[in-house]
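> Sequence:
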Amino acid sequence: MCGRYGRRADKQRIAEWMQAHDTNVFDDSYFAPTYNVAPQSLQPVVRLDRETGERELTIMRWGLIPFWSKDGKAGYSTINAKAETVATSPLYREAFKRRRCLVPADWFYEWQKIDAKTKQPYAIALKDGSLFAFAGLWETWKDKATGKSLETYTVITTDPNELTEPIHNRMPVILRRSDYERWLTLGEVGRLPGDLLRPYPDEEMKVWRVGPDVGNVRNNRPELVEPLP
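When the letters of the sequence shown are read in order and numbered with my numbering, they come out as residues 560 to 788.
Bear in mind the hints are in silico, worked out from the structure with no lab data behind them.
Fair warning: there could be bad hints in the mix.
[What the hints assert, rightly or not] Okay, the calculated beta carbon distance ranges per label pair: (1) V776 <-> S588: 12 to 20 Å; (2) D761 <-> V584: 33 to 41 Å; (3) V584 <-> K703: 37 to 45 Å; (4) D674 <-> G706: 49 to 57 Å; (5) E785 <-> P760: 36 to 44 Å; (6) V584 <-> E763: 32 to 40 Å; (7) L685 <-> R780: 30 to 38 Å; (8) Q679 <-> S737: 29 to 37 Å; (9) E762 <-> D586: 34 to 42 Å; (10) A675 <-> E613: 45 to 53 Å; (11) D581 <-> E740: 16 to 24 Å; (12) V776 <-> K672: 17 to 25 Å; (13) L685 <-> N728: 15 to 23 Å; (14) E740 <-> E643: 21 to 29 Å.
Values in this document were obtained by computation on a predicted structure and should not be read as measured data.
Ideal Cβ placement from N, Cα and C applies to all residues, glycine included.
With the hints as extra help, turn the sequences into a complete structure.
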């Protein structure tokens, strides 16, 4: 499971790295760096513009609500989608066919179970410290009572690589930059990019212990990601 991640990159950095244009719908405060991204928060996402086909940078809420949901309450249980079932699950299969996205991040957190009462948090990132993208899916849900629409996203997870396996039994799918175009492009259903949903090479990643304060979603400061002595 990937239930927390962090991002130092601001709007300009994300747009440049992922070659996306700003929709200009949200002010810059929504794109400010955040060190403890939690479910149900509003975060930057890159998808294809429906009209132009170009990449656009927008804001969505983390926790996918399928378009057919009646009450819109599926948000927390759907922060992650399993790579093994994403093409067949009623929750995600339509989004996997037609609404794929990039979720910008600089690292993610996982908790290793030490004993029945203790878990040690770790931060995990690319060795070169560069910005990266989780493979994501997005949906638009409309509240019939108010007529308002809400756009939400989920992060796809897969088996862990050798680096993350001692910490957790899942890891988020991290896409190579060269695969962004293929992941976003809508092609024939029989040619869906399911082969991209694999563990990222462990030799290109790094991991370090962080303090317990990251466990509280109200904490959001640079010190959260600093390595423990």
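> Confirm or reject the claim that L685 and R780 have a C-beta distance inside 30 to 38 Å.
Given about 22 Å between the Cβ atoms, the range is violated.
> Falls inside 16 to 24 Å, the C-beta gap from D581 to E740?
The hint (16 to 24 Å, Cβ to Cβ) holds, given that D581 and E740 are roughly 19 Å apart.
> Could one say that the CB atoms of D761 and V584 fall in the range 33 to 41 Å?
This hint holds: roughly 38 Å between Cβ atoms.
> Taking the CB of D674 and the CB of G706, does the distance hold inside 49 to 57 Å?
holds (50 Å)
> Regarding E785 and P760, is the given constraint of 36 to 44 Å on their beta-carbon distance met?
With Cβ atoms ~25 Å apart, the hint is violated.
> Taking the beta carbons of V776 and K672, is their distance inside 17 to 25 Å?
Roughly 20 Å apart at Cβ, these two residues keep to the hinted range, so it holds.
> Looking only at beta-carbon atoms, does the pair A675, E613 fall within the given range of 45 to 53 Å?
Given range 45 to 53 Å: holds, Cβ gap about 51 Å.
> Would you say the C-beta atoms of E740 and E643 sit inside 21 to 29 Å of each other?
This hint holds: roughly 24 Å between Cβ atoms.
> Given a hinted range of 32 to 40 Å, is it respected by the beta-carbon distance of V584 and E763?
This hint holds: roughly 35 Å between Cβ atoms.
> Does the Cβ pair E762, D586 satisfy 34 to 42 Å?
holds (40 Å)
> Please check whether L685 and N728 have a Cβ separation lying inside 15 to 23 Å.
Roughly 21 Å apart at Cβ, these two residues keep to the hinted range, so it holds.
> 37 to 45 Å was suggested as the range; check whether the CB atoms of V584 and K703 agree with it.
violated (23 Å)
The structure fails hints 3, 5 and 7 (numbered hints given earlier, in ascending order).
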